[in-house]
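S.K.: Generate coordinates for the entire structure from the input sequences, incorporating the hints supplied.
Note that my numbering has the sequence shown beginning at 10, numbered continuously upward.
No lab work stands behind these hints, which were simulated from the structure alone.
Any given hint could turn out to be false.
[Stated by the list, open to error] The calculated lysine to any residue pairs, modelled on SDA-like cross-linking and capped at a C-alpha distance of 20 Å, are: (1) 76 x 98; (2) 85 x 101; (3) 120 x 70; (4) 120 x 10; (5) 75 x 105; (6) 75 x 55; (7) 120 x 72; (8) 75 x 113; (9) 85 x 74; (10) 75 x 122; (11) 120 x 85; (12) 81 x 64; (13) 75 x 114; (14) 81 x 100; (15) 81 x 101; (16) 75 x 92; (17) 75 x 117; (18) 75 x 89; (19) 75 x 111.
[To be verified] Derived DEER-like restraints, expressed as beta-carbon distance ranges: (20) 23 x 50: 29 to 37 Å; (21) 126 x 57: 15 to 23 Å; (22) 39 x 81: 54 to 62 Å; (23) 84 x 28: 39 to 47 Å.
Every residue gets a Cβ at the ideal spot worked out from N, C-alpha and C, and that includes glycine.
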Amino acid sequence: MLENYKISRSTINGVMNLYTQATSTVQINGHLSDPIPIRCAVRQGCPMSMSLYALCLHPLLNLFSKKLAALKIGTKNQRTAAVAYADDITLLITVPNDLIKVRDIINSFEKASGAIININQKR
10 MLENYKISRS
20 TINGVMNLYT
30 QATSTVQING
40 HLSDPIPIRC
50 AVRQGCPMSM
60 SLYALCLHPL
70 LNLFSKKLAA
80 LKIGTKNQRT
90 AAVAYADDIT
100 LLITVPNDLI
110 KVRDIINSFE
120 KASGAIININ
130 QKR
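M.R.: Encoded structure:
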């Protein structure tokens, strides 16, 4: 993903080095656990996690904007079909047939990225 954004190889290597053989520990009642290897994703609270996540989410948001009937926002003829804050995405569906497109977009994003989108989360 970083290569697609034309990020330099040295920066990509630096990011990869930060997460190679990364571990975490848990503290319970003042006692630390043995190191737990982090095999995928980024550590919670890592300062880079939000930026890396945003870079990975950007292609999905672009697909929604390109493939769905967008909603006009404001007075400058700006249109959008999706808005996101952190890991929450809100789709602005205006055409019933777009629901089929949403399913197809999500399926293709999941296959390409390895991410799995939880659309059934209850709050």
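S.K.: Let me make sure I understand: some of the numbered hints might not hold for this structure. Which ones are they, in numerical order?
M.R.: Checked against the structure, the hints that fail are numbers 6, 11, 12 and 20, while the rest are satisfied.
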